[in-house]
Amino acid sequence: MSVALAPAAPPTRTACAHCGDACPDEPLHLAAEPALPFCCTGCRAVYELLAASNLCTYYRLDAHPGQKIKDLELPGRFDYLDSEEVQEQLLAFRSPTLARLTFQIPQMHCASCIWLLENLFKLNPGIGASRVNFLRKELTVSYHPADTSLKEVVQLLAAVGYEPQITLAELGAQPHPGNRRLYYQLGVAAFAFGNVMLLALPEYFSFTAQLQSLFGRFFGGLSLLLALPVLLVSARDFYRSAGQGLRQRYINLDFPISLGLTALFVTSVFEVVTGHGPGYFDSFTGLVFFMLIGKWVQQRSYDALRFDRDFTSYFPVAVTLLGPGGQEHTISVKELRPGQRIRVRHQEIVPADAVLLRGAGQIDYSFVSGESEPVPKAAGEIIYAGGRQVGAAVELEVVREVSQGYLTQLWNNPVFQKETRPTLETYANKVGRYFVGLTLLLALGAVAYWYPRSPQMALRAFTSVLVIACPCALSLATPFALGAALRVLGRRKFYLKNSAVVETLGRADTIVFDKTGTLTEVQRTAVDFMGPALSPAQQQAVAAVARHSTHPLSQRLATALPGSLLPVAGFAETPGQGISGMVAGVLVRIGAAAFTGAAPAAKPEPAAAQARVWVSFDGLAAGCFVLLNAYREGLPEVLAALGRRYQLAVLSGDNDAERERLQQLFGPRAELRFHQSPQAKLDYIARLRQQGRTVVMVGDGLNDAGALQQAAAGIAVTDVLTNFSPACDAILEAGSLAQLPTLLAFCRAALRVVLATFVLSFCYNAVGLTLAVQGRFTPIVSAILMPVSSLSVMVFATLLVRLAARRRRL
Amino acid sequence: MTIIFLLIGISLAVALTFLGAFLWAVRSGQYEDDYTPSVRMLFDDETAAEETGQPTT
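Taken in order, these protein sequences are the chains called A and Z. Numbering-wise (this note's numbering), the first sequence opens with residue 1 and increments by one. Numbering-wise (this note's numbering), the second sequence opens with residue 1001 and increments by one.
Pulled out of the complex, with its shape left as it was, chain Z reads as follows (with noise of 0.2 angstroms):
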């Protein structure tokens, strides 16, 4: 039964990843705005188009 432990201390480990990968989110500021991304992935990608027909900008 001593498997226990080893259980206990991975599924820990796992909880404790998931809870610093929560508190880097919130440190990066992405739960400051949860609006504007929702409406910017939206937006098509055109620089590579457009830097081709504008070659100064």
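Just chain A, with the same shape it has in the complex (with noise of 0.2 angstroms):
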């Protein structure tokens, strides 16, 4: 009878009108929409609320651009947006009349988000206004305290699918003040380069001669005047990063920069006060833009992607305190003290280490080690902070503060404080220091030359050698060729925090992984099925019984099975032991052993890591299915090509079950180790490293953020790119995980094109010192070799890196 059944039709289902995704069997109607189809109520409240204002223009702009609505709509949730010093802390503006905060929402993904976001006035009139900022997908809303409240709001966010992220690290923040330096700096230089260049013009061409003897005093001081701006607005970062550089004995490339713009600036300067010529103001503000577009170039960031997040960009900004008597009210996470008795509520984060004192502890700790199964807890045992209850509320007692927990003591590890870590040594700040010392040795040797013959020259050689010396086309060969390769690695959906980063990555010489989320797939799963095998209708009967129950293994199952469309008759769940229900006839149970009625015999090992789920038809048990994590496609080859070249390890909170496996996988000479702490992980990565070895490391959960910091450069792998990803230096999709051989390579390439392009700026530096020493470096000739030398190397290098990301088809 069953098999009748069996061939049912390859689902040809309806889109959700709101969500997009697949309608059940029956879509739900809307009494005055009976043409649309929604897959659950809370798409189709959705529907309603944005129907009765008047905003369904929101699936016009669109197709299905609604966030699916999980419709566990928890009372009191949003209760602490009320307490005064939460709003205190949230509120960027405050008055009776007017509040302002920016939320963050990583969910808006489209235009229709941007136009429903920019429309919430007409949802709530209290909100005055609200603005997208799409690229840093904040929201900036004012509303009208009088009319409304902030609860209301995010309550409001909530119900349409936008629920802002408010954690504990946005408390106290302030809204991104935005990197207006640089242009401000880029404006004042790019108006005196033209003016300057305007008046200097007549210089050079002898027709003029005349008009330079009238007007040539006016001429160099109104470019004086210009070029005094660019002096002490533009060019204040390079004098001040060469000095933080000094301060730390340490001689950047900003050194010899400072070194050869002061020489301009002072020997220009000087001619046009004692009416010698023009000075060289063209060629300083000239050099001064040119480099501050270098900058530019370099700083493109990726502004919704965050890599500086620690813990506090995960936990809760309020809790649920149980005061003596049993009554609740909302404190402040910051304010939990030991001692204190909390209640934490359904997909509620535990703030702090504490004991569970009453109900069935279900801990997803998926963010924290990134294992996708919840860990069953019983009373009077300790739950580390940052897992998610999954379930019924439970009551615990606070055993450490929220800075002091197992987990988040790992940030008052040294290697967090970001003063601590030595400036970069760059391939850039190597060669500059070097030509420091050689363009003063030179600059001496010319005086030394010109001196008994003619002080005057010997002056003249000695300026022009410093002047030279600026290393503007060296300073630009690293920006340019890493911003084109931070763009070309970002389309390839691999965000480095800045282009600092690729040189790390190409001189790295060894890879660490994690193991859990890392080289595991937490949503696909591998299910292998032990006992005789299922006939597809059995199957099919399982993954319809699977699919009604929101546990995370039945999840899993149901995905791993083929997808069916049996009715299930009296769907029965209970608790932390299996599911029921009966399909064409026959009762299928699922769930633990115990539950389907399996063999005692066929208990499983207690050490055994794989979860298994049991089966039975009509009573009769029918054996179980093992639910293995699913390693990420094309793992093998990625392995395979890092392998001949970088020494791998593997790192894992979890025991050794799968040891072998992996030990096939990295290669006998791989260093595989289990059962490590967040602490160990980072020990291990700091003994690389005192090895002398460039390490990275490749991981995703918050136990992974003491390794990622230490190590010269942490990669951060993540399904969502917006969702939570621990400090690091690098974002990496899992689905380009297969393509980090090939990204790393093209590092390396990028790494030789900045070297490529150093020796093409050290022609022109020789060209320039040559006729330096002889005293013939005269304004017109520094006119002409400062621009071609630095638009040849902006050109050289970005077309190189170009070059090496087609070969490699990146």
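Hints are supplied without guarantee of correctness; some may be wrong.
[To be verified] Label-pair ranges, simulated between beta-carbon atoms:
(1) Gly-1009/Z to Gln-210/A: 18 to 28 angstroms
(2) Arg-180/A to Arg-1040/Z: 19 to 29 angstroms
(3) Arg-1040/Z to Arg-807/A: 34 to 44 angstroms
(4) Arg-180/A to Ser-1011/Z: 41 to 51 angstroms
(5) Ala-1021/Z to Gly-634/A: 16 to 26 angstroms
(6) Arg-1040/Z to Tyr-184/A: 23 to 33 angstroms
(7) Ser-1011/Z to Leu-440/A: 37 to 47 angstroms
Since the hints were derived computationally from the structure, they do not count as laboratory data. Don't be surprised by glycine CBs; every beta carbon is placed ideally from N, CA and C.
Put the two chains together into one complex, using the hints given.
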């Protein structure tokens, strides 16, 4: 009988009018719009809400823009937003008539999202205006506190599917000031460059000699006036950086730049004041302008991604505190003290290490360790902070303050103090140092040669050498080559914090991987069946029953098995035990061994790492499914390619059940370590670095945060870009993991481009120096040589990087 | 030839105006979000039509 049902037509499902997901067999409908199918009551509710306010343009701008609504509206979920001190910290501006704040809304993804979020005032008249910054995924809302409250605004956002991220890190955080300074500096430099060039023009042509004699002094003075703001405003950062380097007893590339700029400016002022000539102001302003462009190219950033997140970006703002009489009130997580009792509800995060007092704990540590399986906890057991409770509310007693927890104390480690990280020894800085020594030597040599002959020539040669010593072209090589590389990598979903990371990646010799969530894919499951093989009909029956449960194991089972539309009758879920239902007249029970009536002898040894789900049909045990975490696609090829060049290692917080499989994948030389605590991971990386290795750590969870920070470059792997990822130097979308060997090879190629560009700029410097020591480095030579060298270095670096990318098909 | 002084004065004044406009644009935050306005300008301005159909919103 079930055979007849087996070839269930490949489902041609209707898409939900709101979210675009496949609808169930009998889609829900709205009384007013019977033509529109909905997949769940949540989606229908949103449509109803928007339709009531005439906001259906939302659905016309983009196909299926909606967010799937999880219809578990928990009462009191946003109650903490009514708390005075939480508001105090969240609101950017506050007065009796107006309040303004900025939310992080990672869900926004299309034009419809922007449209709806900017039309919020139609849904809640208390909202004055809302404005989206799409690249940052931010929404700035201003509302009238008299008409509405922060809680209502957040509830409205959650109701339409755009629940903002409100975490501990947002408290007291200011909206980004943005990097406006560079724009100011660029503007001033460009303005001065253009005008000074115009004024310098008569100097360069013989037919304007009369003009020059008449207006020379005036033009010179005007140029000086125009160049002054360039020195004071635009060039300020070069001087500051050089000064910083000197204080750390370290000469960086900005030192010769500052030296050259000073020489250029002082010489020009001297020439103009004494009436010798027009000076080099056009070269000076041009140099600053070009170098600022280099900075601008380099500082390309990914606004929506955060590379500096710590546990506070993940932890909640407030928690429900239980008073002595059992009354609830909300307090800020920061005020949580040991001994206090808290209540953690479904889908809330345990904010501090605590002991479970009452309730059945099912703790999901997926963000901490990458492990998707919730861990059951019984009363009296300790629950580490960072886990998310799944299921009914539990009561906990706090054991340690938030910042002192098992996980959070990792952030007290000195690696997280940014200042202690030494200045990166880049090629540019290293070359810059030799450059300074060489040019000073040449300058003195020129003085020694010329002084006996003509003291005036000696001075001229000395200043010319210092002027040409400004390694402008050299300083442009790195930003343009690495900036172009950054964009190529960004196209391949590999986002770097800044261009210096390209250099670190290019020099790496060791790669350390985390296992769960990095090598394995949390969403995908490999299912093995132990026992006599099931018929397709039986598999479909199991899938049909499993699809009805929200338990993570059932969900994984349902996605792994072939799709099924069989109707299920009498579905029942026994928490902690299993699920059952009638499919085509057969009672299917899925769950723990005892629940399905499997023989106790078949009970697995307790150490077994895999999750097992037992199945029985009509009370007859059929066997069990073993759910294995599936390794990411293409992993063997990736590891084989990487293994040829890099030393590989694995650090896993898990047990060593998969040691053999991993050793096979990684090869015999790789070091595999299991049972690693977050601190142990950090220490392991620190030891490798002490041995002089350049280590790249690839991880994903909060427990890798220390190792990611300690490594020369930390790469966080993430399935969904806007999801939380710990502080790192680069974010790699999981789908691009297969390209990692190519991406790293490209980084090495980018470094070679930098070196090649150095050679080119040295050629220009050699020409300049030859002229300089002979005292023939005149303003016109400078005015030609400097822009030509700068521009050609920019073009050369960019083109070579593009070529390298094309050769690797990136 | 003294006209040069006037001409240069004018040209500088024009250039300074543009510099001022640029600095104002940066100050008012126009360089902070260079994507959203490109989407926003494509939205139809339908508030008027809606208000007639929806008296109180």
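Quick rundown of the hints versus the structure:
With their beta carbons about 21 angstroms apart, Gly-1009/Z and Gln-210/A fall inside the hinted range of 18 to 28 angstroms. Arg-180/A and Arg-1040/Z have their C-beta atoms about 21 angstroms apart, which keeps the hinted 19 to 29 angstroms range intact. For the pair Arg-1040/Z and Arg-807/A, the beta carbons lie near 40 angstroms from each other, so the given range of 34 to 44 angstroms is met. Distance hint check for Arg-180/A and Ser-1011/Z: the Cβ-Cβ separation is about 27 angstroms, which falls outside the suggested range of 41 to 51 angstroms.
Between Ala-1021/Z and Gly-634/A, the C-beta spacing of about 52 angstroms breaks the proposed range 16 to 26 angstroms. For Arg-1040/Z and Tyr-184/A, the hinted distance range of 23 to 33 angstroms is satisfied, since their beta carbons lie about 26 angstroms from each other. Remark: the range hint 37 to 47 angstroms for Ser-1011/Z to Leu-440/A is upheld by a beta-carbon distance near 41 angstroms.
Comparing the model with each numbered hint stated earlier shows that hints 4 and 5 do not hold.
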